[in-house]
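**Q** Dock chains B and C against the given chain A, drawing on the hints supplied.
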Amino acid sequence: MLHLLVFSVFGLVCVAGAVNLLVQRHPINSALSLVVVMGSLAVEYLLLGAEFVAAVQVIVYAGAIMVLFVFVIMLLNAGEEERTNGSRVAMLFGIPGMLIGSVLVAWVLLEHSGTGNVATGALPGPPKVIGWLLFHDFLLPFEVTSVLVLIAIMGAVVLASHPGSVEQRSTQQDKREG
Amino acid sequence: MVPLSYYLVLSGILFACGVTGFLIKRNIITIFMSIELMLNGVNLSFVAFAAQWHALSGQVFVFFVMVVAAAESAVGLAIIIAVYRTRETLNVDRVNLLKL
Amino acid sequence: MTPNLHLWLIPVLPLVGAALNGLFGKRFSRQTISAIALGFSGAALVMALWIAAQFSSLTLPCIETLATWIRAGDFQVDFAFYLDQLSLVMLLVVTGVGFLIHIYSVGYMWEEGGFYRFFSYLNLFMFFMLTLALASNYLLMFIGWEGVGLASYLLIGFWFTKDSAASAGKKAFIVNRIGDFGFLIALFLMIKHFGSLNFEQVFRIVSGLPAEATGAGLLTAIGLLLMVGAAGKSAQLPLYVWLPDAMEGPTPVSALIHAATMVTAGVYMVARSHVVFDRAPQALMVVAIVGTLTALFAATIGVCQTDIKKVLAYSTISQLGYMFIGCGVAAYSAGIFHLMTHAFFKGLLFLAAGSVIHAVGGEQDMRRMGGLRHHIPWTFWTMTAATFAIAGFPPFAGFFSKDAILWQAYSSPYGSWVYWAIGVFTAFLTSFYMFRLWFLTFFGEYRGEAAASEHVHLAGGSRAGAPAPHEHGHGGIHESPKVMLIPLVILAILSVCGGWVGSERFDKFLAPALHSGVTAYSPEQAAAATPASEPREHGASEGLLTSISILAAVSGLFLAWLLYQRRPQLPQEIAHALGSFYDAVVHKYYVDEIYAAVFVKPLIDGSTRILWHGIDRDVIDATLDNSAEGAREVSDAMRHMQSGNLRSYAGWIAAGAAVVIAYMIWMGTR
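Chains as they are written, first to last, in my numbering: chain A, 1 to 178; chain B, 1001 to 1100; chain C, 2001 to 2670.
Same shape as in the complex, but just chain A (with noise of 0.2 Å):
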């Protein structure tokens, strides 16, 4: 019962910090209640019993990705948006195609799913386990991961330098040396 409620406290809250992101006009608005999305989210992994995970969105997620995103705003002064004419397709197609397939699943899952209930905390996952998973089941996508976050680093460094400034460095490099 208590667990009932629980998911459903910070499901609803989950669900406002989304649309509140989509009602918004100001970016900053719209990171603001993501990141109130990520915090109930992480509580309703608590509930089904992930700890590791939940902890690390919010400290990765919460704390890392959607600082990033402030920082952006907040470096491109971006303003309210602009009303333009976007494309009628996405208008046409696009939200009725979401709302269908949406529809369709919800209805799947409520009429035919032949799951039952989940326990509170049924699956433990405490950091040592997913520890000994990560380094022995799935090590090579996890050494993969790591040089993938390599490349976005020294890919982010590059893209996000000012023009020219890679270069200059550079040069003035073979020049002090040649």
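Note that these hints are calculated values from the structure, not bench results.
Here a beta-carbon is modelled for each residue, glycine too, at the ideal position from N, C-alpha and C.
Please note that a few of the clues may not be correct.
As the list claims (entries may be wrong) - Label pairs and their calculated CB-CB ranges: (1) B:Ser1057 - C:Leu2624: 56 to 66 Å; (2) A:Ser161 - C:Leu2624: 54 to 64 Å; (3) C:Trp2666 - A:Val19: 23 to 33 Å; (4) A:His3 - B:Ser1057: 46 to 56 Å; (5) C:Gln2642 - A:Gly155: 24 to 34 Å; (6) A:Val15 - C:Trp2666: 23 to 33 Å; (7) C:Ser2635 - A:Leu92: 14 to 24 Å; (8) B:Trp1053 - C:Met2638: 41 to 51 Å; (9) C:Met2667 - A:Val15: 38 to 48 Å; (10) A:Gly155 - C:Ile2653: 18 to 28 Å.
Claimed, not checked - If we take Cβ atoms under 10 Å as the criterion, some of the chain A residues that face chain B in the derived model are: (11) Val15; (12) Leu75; (13) Ile153; (14) Gly155.
**A** Showing chains B and C alone in chain A's frame:
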């Protein structure tokens, strides 16, 4: 006792919101955030299924998704910054040089 | 044991000559080209003579198989050559007259461009004609048949830059093709019912069949269709229209192809297929009727023609009609006899006409000739011999052969006095128009212009608007060079003596071929197969009929003398009196115009409207154009998808994903 399908419905709602945001928003950064919203919805369903089937690999997969989302948002925001520098706008409708 | 005669060499030698001259002739000198052409055709002649020399020691028919050509189940056709008396006669005529004409052409064409091309085509023609004559099955004969048509087209259109020559070549080929269609259907019938095209096999099977006395049957159909082919090739009604136009070609071509050899292929084919015709009296009757009508028709046209070569062309058609009369009353050897003598005197007539034309510097209209007998005596005397021969004066060659035909037309079981009467009247007409030609050309006052151009030296080749592209007005009216005169003399001798072998001896010589090696005759078939030796019951005797035909010839000469020597104003008055009938005859009964209106124009119109506009343009082109247009329009519509607009891409993706999800759910809940 919460039925699994409730979790999945919640996940679906989040995902739908993400798609809607992608379609109707004009600010590139907001569109990006809708993508993150979609990813979160998917993460929730992974964890829910992991709890259902008692398979921890679901949570490990969420871990990987988060890593990739981080890398992706870093690079994506860098691109947005580069686009802003050249096009002087964050309106996605203005970034349409690839049209025929 | 018959020695290996290497029959295949006879056609192949001229083919080698043709290939050499055709491929390399451009670099050879005229002497080399002539040497090659004369050498190879002369070699063929020598071989033919050598075979003739040992003829009595050979067992006939002599069949030499070179290789298997087609083998499809039970049906087999070989490259095989067939030598018997009939093919020997054809062989000697073709090689002999052909070789003489080759010699003549060296002189005639010396100044012309395309010298090597001419001799290459001439040798090519010899190859095909010899293949036709020596073939041992209908298919190989058909190859030769088509090939001589091709050579004819090439040679008629030799001066192809001239529109009329090119059109004449096309006309010849196309009209021939119509005849060939009939020939082909006959071949198909033979394959279907006899399972073979080999002479031996076909004739063996056919001789086992009963004669089709009444009504039409298989053999009548085959016979009629073969006759269609022969009518095309040998210029009989209604497919004769190509022959007068074929006079656009050089005169040696007219002599060789359109007088002596190619046009006689039809007669040869009918004679070769006599086994079929003997058992199809209806077909024989058609052959005789066609021959008779053609002979008369062409003779009437020939009376009014003014171009010397056209007169000879219509004369050829008329004489071919005689040959078909002979075959049509089952007197095949008489037809072949006339074929042989006709080759001599008609070939001579054409060559001499060429000499005349050469003498007067390219003029072909007889109204502008006259009094030439003093200027060109050799030509005059040889042409005189030929004219008397064709008119049927004894003891020249034409008398014997024409008389044999007329007698058979009267007395054969298939004959009738109608054929004879028309034949005699046509003989009178023949004599008349030939002597008309003789008088107009060689007697009286010269009415032309060549004598005036003594010091004009024009280069060889064609002059636009001139009647014949063979003029080099050097030094007035002059006799032809010796290289042209020698063949004239030889042919003149043959025209005089060629008939002395006599029709009875000729019949006896050809008899084994014309009742060719087929065993197991039943008595009725034996009787039906030897009509020539059975005169019917009737009143007249051969002597009476012969005298009547001599009388016809003499009266033709007299009438010509009267109209063109004594009272030259009479022809005009007669023409005036006959009015529109005369006009019709002068315009060749408007046959060409009728054909153009009835066949050619509707065909061209239908082809333009239906095939070109309707199908080619509006269906095929339209399909291609419209599919390209459609592709362009589809892509034009589709390109709006790539708008560069991120949100529309997202919209499409969302819609597509929804479709996929719906499908998966549907599959899952089924």
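**Q** Determine for every hint whether it applies to the structure shown.
**A** Going down the list of hints, with the structure as the test:
1. At roughly 58 Å, the beta-carbon separation of B:Ser1057 and C:Leu2624 lies within the given 56 to 66 Å, and the hint holds.
2. Checked against the hint of 54 to 64 Å, the C-beta distance between A:Ser161 and C:Leu2624 comes to roughly 55 Å, which is consistent with it.
3. For the pair C:Trp2666 and A:Val19, the beta carbons lie near 30 Å from each other, so the given range of 23 to 33 Å is met.
4. At about 24 Å, the CB distance of A:His3 to B:Ser1057 disagrees with the hint of 46 to 56 Å.
5. Separated by about 26 Å at the C-beta atoms, C:Gln2642 and A:Gly155 satisfy the suggested range of 24 to 34 Å.
6. Under the hint 23 to 33 Å, the C-beta atoms of A:Val15 and C:Trp2666, about 28 Å apart, fit the expected range.
7. Our hint of 14 to 24 Å for C:Ser2635 and A:Leu92 holds, since their Cβ atoms are close to 22 Å apart.
8. For B:Trp1053 paired with C:Met2638, a C-beta distance near 44 Å keeps the hint of 41 to 51 Å intact.
9. Distance hint check: the CB atoms of C:Met2667 and A:Val15 are about 30 Å apart, inconsistent with the given range 38 to 48 Å.
10. Taking the beta carbon of each, A:Gly155 and C:Ile2653 are about 24 Å apart, inside 18 to 28 Å as hinted.
11. Interface hint at A:Val15: satisfied, since its Cβ lies 6 Å from the closest Cβ of chain B, which is below the 10 Å cut-off.
12. Contact between A:Leu75 and chain B, as hinted, is supported at the beta carbon level, the nearest pair being about 7 Å apart and thus within 10 Å.
13. Interface restraint check: A:Ile153 against chain B, minimum CB-CB distance 7 Å, threshold 10 Å, status holds.
14. Checking A:Gly155 against chain B: minimum C-beta separation of about 5 Å stays under 10 Å; hint holds.
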